[in-house]
Each structure stands twice: as C-alpha cells, then as structure tokens.
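**Q** Residue strings, one per chain:
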Amino acid sequence: MAVIEIRDLWFSYEQDIILENINLTVEPLDFLAIIGPNGGGKSTLLKLMLGLLKPDRGTIRILGATPSKSLSSIGYVPQNTNVNTDFPIKVLEVVLMGHVGSRRPLFGYGKEEIACAMGALAQVGMQAYAQSKIGDLSGGQRQRVMIARALCAHPKILMLDEPTSSIDIKGQKEIYELLKQLNKSITVVVVSHDISVILEYANKAAHVNKRLAFHDISNKKETFHTHGNEEHFCEIELLQMLGAENCQSCTPTVTDNKPSEASTWKEKES
Amino acid sequence: MIEALHFTFIQHALIAGILVSLAAGIIGSLIVVNRMVFLAGGIAHASYGGIGMAVYFGMPIFFGASLFAVLAALLVANLTLHKRHRIDTFIGLIWAVGMAIGVVFIDLTPGYNVDLMSYLFGSILAVSTQDLDFMGGLLLLIILAVTFWYRHILAVSYDSEYAKLRGIPVRFFYTLILVLSALTVVIAIKVVGLVLVIAMLTIPVYIAEKLSNTLWHMMILSGLISALFTLAGLWFSYTYNLTSGASIILVSAASLGLFLLFCKGRS
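Sequence lines, in order, name chains R and U. Quick note, the first sequence lines up with residues 856 to 1125 if you use the working numbering. Quick note, the second sequence lines up with residues 3 to 269 if you use the working numbering.
Please keep in mind that the hints were generated in silico from the structure rather than gathered at the bench. Be aware that one or more of the hints could be misleading.
Here are some, though not all, of the chain U residues that point toward chain R, as calculated from beta-carbon distances under 8 Å [to be verified]:
#1 His8
#2 Val35
#3 Leu146
#4 Ala147
#5 Leu156
#6 Tyr160
#7 Ser162
In the BS3-like style, the derived pairs of lysine-lysine whose C-alpha atoms are separated by at most 25 Å in a straight line are [what the hints assert, rightly or not]:
#8 Lys212/U <-> Lys945/R
#9 Lys1025/R <-> Lys1039/R
#10 Lys85/U <-> Lys988/R
#11 Lys1065/R <-> Lys1025/R
#12 Lys924/R <-> Lys166/U
#13 Lys909/R <-> Lys945/R
#14 Lys1059/R <-> Lys988/R
#15 Lys924/R <-> Lys909/R
#16 Lys1065/R <-> Lys1039/R
#17 Lys85/U <-> Lys166/U
#18 Lys966/R <-> Lys85/U
#19 Lys85/U <-> Lys902/R
#20 Lys1035/R <-> Lys1011/R
#21 Lys945/R <-> Lys166/U
#22 Lys1028/R <-> Lys909/R
#23 Lys1011/R <-> Lys1039/R
#24 Lys1025/R <-> Lys1035/R
#25 Lys212/U <-> Lys902/R
#26 Lys212/U <-> Lys909/R
#27 Lys166/U <-> Lys1011/R
#28 Lys1028/R <-> Lys1059/R
#29 Lys945/R <-> Lys924/R
#30 Lys1025/R <-> Lys988/R
#31 Lys1028/R <-> Lys166/U
#32 Lys902/R <-> Lys1025/R
#33 Lys266/U <-> Lys909/R
#34 Lys266/U <-> Lys212/U
#35 Lys1059/R <-> Lys902/R
#36 Lys1011/R <-> Lys988/R
#37 Lys924/R <-> Lys988/R
#38 Lys1039/R <-> Lys1028/R
#39 Lys909/R <-> Lys1011/R
Cβ coordinates follow ideal geometry from the N, Cα and C atoms, glycine included.
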C-alpha cells in the first residue's frame, strides 16, 4: 500500500489557484524531496497532507485513510524554529509535546513518556541537552529537537518543512545525514529549496509550481555525471529530467527514455 | 507602620494585594508568552463598560465588570480565529467602545455618586470581604485550570499549529486563556486600576521570563515578584500618602530599570 496517495488535488486561496491537478504517490521508505520556487505551493501541499488545510477537489490518502485520521502516524517538523526562542521551555518539554493528546496521567508527565522522549532525543544525538532552555540552542540543535519531538509519537512518515533554512552548511549536512539514518525505518518527505543538497539524499523528487512534476531520482548517480563532481547534483540536470516547462533557461532535452509523468501532464495540458 | 496592620482595611489590602499578585503572575505569564498584551489591554478597557452598567443598574461592580470582560474576551477569541489580519483594528474598537459605554452609563446614573478615579487608578484600601472571596475563588480556579491542563496550555502557547496536529482543541484553550485573563484583569482593577493593570500583568513577568527555564517557574516567580512589588508599593503609598496603584507600578518600573541595568552589567 502506498504511504501517501494524492489524486486530482486542487487547492486555492480565495480566487488564486495555488495547486492544480496534483497527483502523487509515495511508497514505503521513500525519501521524497518536494522542491520548487517560493510561492509555488510546496508548503501548502505539505499542509494539505497534514490535514491543516482542506483541498477544494481531489483526495489525499495517508496510509489509506484521510490525513486527520492518520495524524498519529505522521511526524511533523514545522518550518523556521527560530521563532519564539524567548519562550521559557526546556528541550525535554518540547519533545514531550509529541505525546500530547494520547493517554496521559492526570497531572504532569508519566515515567514512560519521559523515557520515550529521552529515547527520541538520543536518536537525534541531543540527550545531553534535555534540561537546557530551547532558546539557548543553535539553529541546528533546535531543528534536531523538533525532529525528536516528531519521533516521539513513533511515526511511520516524517514530514519536514524547510528543515535547513536557518542552519549553517555543516549543520545542514548533519540534519540530512540524520534523516538518511531515520529513512531506514521511516518514510521521509522534505520540502526544501536548497536543491543541490537535498537531491543527494532523496530518491524521489517532486517539483511543485502550481502543478507537480514527479521523478524517480534513485539512480541519479549512474545517470548523471556531466559535471564530474559526484557530490554535487545540479539543479539544471533535475529540471531537464522533469521537463523543459519547469526550466526556461535550459534546452528541452529530456534524457529519460521512458515517458515521465512530466510529459504525461504536458499532454493533458494541450 | 506595624500599628497600621491592626486596621481591617489594611489587612484586606495586603491580602488582596497578594491574591491578585499571584493571579497576575500566572495569567500575566500566559499573556506575555502568547503575545496577548494588547488583547488584554483591550479587554481591560472594555470592562469599564461593565463598571458603568453595574453602577447604573445598581449591580455589584465585580459582576458587571466580569460580564463585560468575559464577553470582550470571547469576542476577541472569535475575531482572532476569523479575522486575524485585522485583529489590531478590532481590539482598538473594543477598547474604545467599552470605555465609551462605561462613561455614558455613569453620565446617565442619577446623582453622580461614583468615584471614577477609584476604577481608573485602583482602590485597594476599599476592598471588602466579598471582594476577597471573589479574588480567592478566582485564584483557586486559575491554579486548578493551569495545573490540570498545564501541558495542553504549554503546547498551545509554544506552538499552536503543532498542538492542533496532536489533537489538542486549540480554540478551547486559546479562549480559556483569554477568559481567565479577563477575570484576572477585573480583580487587578481593584488593586491598581484600569489604566495600570497592564503594567502589573507584564513588568514582573518580564523579569521572571529572563530568570526562568520553564513556564511554571516563570508563573510562580512572576507571582512572587508581583507580590513583592505590591507590598512595597503599598508601603510607599501608606508612608507618603500616595495613590496605591500608581505607587505599585512605579516601584515595579523602578525595579525593572535596576534589573535591566544589572543584566547589562553582567553581560
């Protein structure tokens, strides 16, 4: 069964159409990168998958059920963890928030809940900071804590919105290495604009700019060596794969021999 | 000074000061971390409409003020959810209209007999036994609600979107915080008055925030700092025959200034 299945999805804010005829299938243990320009609808698509927004048309199935019914199997890491850093709250308390809503003692936190939260912190390598104030951490450390909070509920899918937008290069790499590790047992969906880094780790890519173009990039290393630098995966190369319509600057050379989904919706368009 | 403690009205003033300080510490912390200070200001001033109405109809003042404050809180909660981008305009409106209703009702009251100043600047020396019961009851209610729902309130305050995803009824808790704020504002009006209530809800909290690692530390510390300021303010007020509410606020503001200087000196 597909982990995420989106069929004929449309969404608009008042008069503006944000997402148009979106189709997307995410398989178990995929690492999906959702990329695209600012304002293209990436975060909106993520919010729809979380059930925070309702589609105008079309369906979203998470593990076979509606998003609001599958909330307990989704771990969500929101964008920009640099807001509200003055808030007097300890790292452990932030992680414990992942439990809220499930069974709980009358007052305070249960022993198992604390043990579980410490386990989640250990998974992201932050157990030493459990008693620190969240505002005293660096951006990268704070992002790890947010991932631990999402892991606290033992999710089957981890969804992250721009997880590295406020983190230095070294921190970014570490976050992606962590996600790669977690991807061994959890499906990962990442919304991001720093394409070059994320495509090193993702096996599927979806380019969202009102419409969605999808591509399997799991064998990117074998297919693309045009730059001679294996560590760097060029944006142009991806856009070429996705189809010329996503790229004004490059020549329309779709190197893939089987018809991609990009060309499928091109046909629907005309 | 000691002989003053034999007077019942002084005893009442001290008890009221401590009860209100503790409530203001807890609720003020929630108001500050939720960035609701302007909302609380609007609710405080709207409650003046209730004071005017209570005077006109001869009802207990606390009842009228609470009624208006809670209605304003519900209205604000509703507006925040539906008209978020225009919220500041609506708060300004509620703020002014509430005051205007109060002024008109007092105009209409035959034989002008209300000391308007006592509501604008507090009248802690005129606290009755019923007032104390009301304050004590409200403090108890606040402590129970915040203890029982601590983790929910924490989640909603820290990250309401995430709280929603974890199945917490965010609207309920947001409204609860506003209603408790409204009621706290009403009892604080008795101590420092309408005009100064926001300072009481924010100055001790600001100091406590810098010194706390968790929300509940901040709440308790704010309450204690607030009680200290209130008692010191009352002492000044008694000794130099000054308005009590203004004395409390000036003591708080001066302490805040010293605290900030101390922080700067250390860093």
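**Q** Hint by hint, note whether the structure agrees.
**A** Verification of the supplied hints:
With its C-beta approaching chain R no nearer than about 41 Å, His8/U sits outside the 8 Å limit, and its interface hint is violated. Because the beta carbon of Val35/U sits about 6 Å from the nearest beta carbon in chain R, less than 8 Å, this interface hint is met. With a cut of 8 Å, the hint placing Leu146/U at the interface with chain R is violated, because the nearest CB-to-CB distance is about 11 Å. Checking Ala147/U against chain R: minimum C-beta separation of about 12 Å lies over 8 Å; hint violated.
Restraint check, Leu156/U versus chain R: the minimum CB separation of about 7 Å is within 8 Å; hint holds. With a cut of 8 Å, the hint placing Tyr160/U at the interface with chain R holds, because the nearest CB-to-CB distance is about 6 Å. For Ser162/U, the interface hint is violated, the least distance from its beta-carbon to any beta-carbon of chain R being 10 Å, above 8 Å. This hinted pair checks out: Lys212/U and Lys945/R have alpha carbons roughly 14 Å apart, not beyond 25 Å.
Pair hint Lys1025/R plus Lys1039/R holds up; C-alpha atoms about 22 Å apart against a cutoff of 25 Å. Distance hint between Lys85/U and Lys988/R is unfulfilled; the C-alpha atoms sit about 33 Å from each other, more than 25 Å. A C-alpha spacing of about 32 Å is found between Lys1065/R and Lys1025/R, which places the hinted pair above 25 Å, so the restraint is violated. For the suggested pair Lys924/R and Lys166/U, the alpha carbons sit about 13 Å apart, so the restraint of at most 25 Å is met.
For the hint linking Lys909/R to Lys945/R, the alpha-carbon distance of about 33 Å lies beyond 25 Å, and the restraint is violated. Between Lys1059/R and Lys988/R the CA atoms are separated by roughly 37 Å; this puts the pair beyond 25 Å, and the hint is violated. Annotation: proposed proximity of Lys924/R to Lys909/R holds, straight-line Cα distance about 13 Å (limit 25 Å). For the given pair, Lys1065/R sits about 31 Å from Lys1039/R by alpha-carbon distance, which is inconsistent with the 25 Å threshold.
As the CA atoms of Lys85/U and Lys166/U are separated by approximately 19 Å, the hinted pair is consistent with the 25 Å bound. At most 25 Å may separate the alpha-carbon atoms for a hinted pair to count; Lys966/R and Lys85/U exceed this at roughly 41 Å. Under the criterion of a C-alpha separation no larger than 25 Å, the hint pairing Lys85/U with Lys902/R is consistent with the structure, at around 20 Å. For the proposed pair Lys1035/R and Lys1011/R, the alpha carbon gap of about 15 Å is at most 25 Å, so the pair holds.
For the hint linking Lys945/R to Lys166/U, the alpha-carbon distance of about 20 Å falls within 25 Å, and the restraint holds. For the hint pairing Lys1028/R with Lys909/R, the CA-to-CA distance comes to about 34 Å; that exceeds 25 Å, so the pair is violated. For the hint pairing Lys1011/R with Lys1039/R, the CA-to-CA distance comes to about 11 Å; that is within 25 Å, so the pair holds. The straight-line distance between the Cα atoms of Lys1025/R and Lys1035/R is roughly 15 Å, inside the 25 Å bound, and the hint therefore holds.
Among the hinted pairs, Lys212/U with Lys902/R is inconsistent with the structure: their alpha-carbon atoms are about 34 Å apart, more than 25 Å. Proximity of Lys212/U to Lys909/R is assessed by CA-CA distance (about 40 Å); at most 25 Å being required, the pair is judged violated. With a C-alpha separation of about 19 Å, the suggested pair Lys166/U and Lys1011/R falls inside the 25 Å cut-off, and the hint holds. Between the alpha carbons of Lys1028/R and Lys1059/R the distance comes to roughly 19 Å, so the proposed pair stays at or under 25 Å and holds.
For a cut-off of 25 Å, the pair hint linking Lys945/R to Lys924/R is broken: about 30 Å separates their Cα positions. Among the hinted pairs, Lys1025/R with Lys988/R is consistent with the structure: their alpha-carbon atoms are about 23 Å apart, no more than 25 Å. In summary, the hint linking Lys1028/R to Lys166/U is not supported, as the alpha carbons are separated by about 30 Å, beyond the 25 Å threshold. The hinted pair formed by Lys902/R and Lys1025/R fails the criterion: a straight-line CA distance of about 28 Å is larger than 25 Å.
For the hint linking Lys266/U to Lys909/R, the alpha-carbon distance of about 49 Å lies beyond 25 Å, and the restraint is violated. Restraint check for Lys266/U and Lys212/U: satisfied, since their Cα atoms lie roughly 12 Å apart, inside the 25 Å limit. Only pairs whose Cα atoms come within 25 Å are accepted, and Lys1059/R paired with Lys902/R is accepted, the gap being roughly 19 Å. Of the supplied pair hints, the one linking Lys1011/R and Lys988/R is violated, its CA atoms being roughly 29 Å apart against a limit of 25 Å.
Taking the CA atoms of Lys924/R and Lys988/R, the gap is about 33 Å. The hint is violated against a cut of 25 Å. For the hint pairing Lys1039/R with Lys1028/R, the CA-to-CA distance comes to about 17 Å; that is within 25 Å, so the pair holds. At roughly 22 Å between alpha-carbon atoms, Lys909/R and Lys1011/R fall within 25 Å of each other, so this suggested pair holds.
Hint compliance for this structure: hints 1, 3, 4, 7, 10, 11, 13, 14, 16, 18, 22, 25, 26, 29, 31, 32, 33, 36 and 37 are broken, all remaining hints hold.
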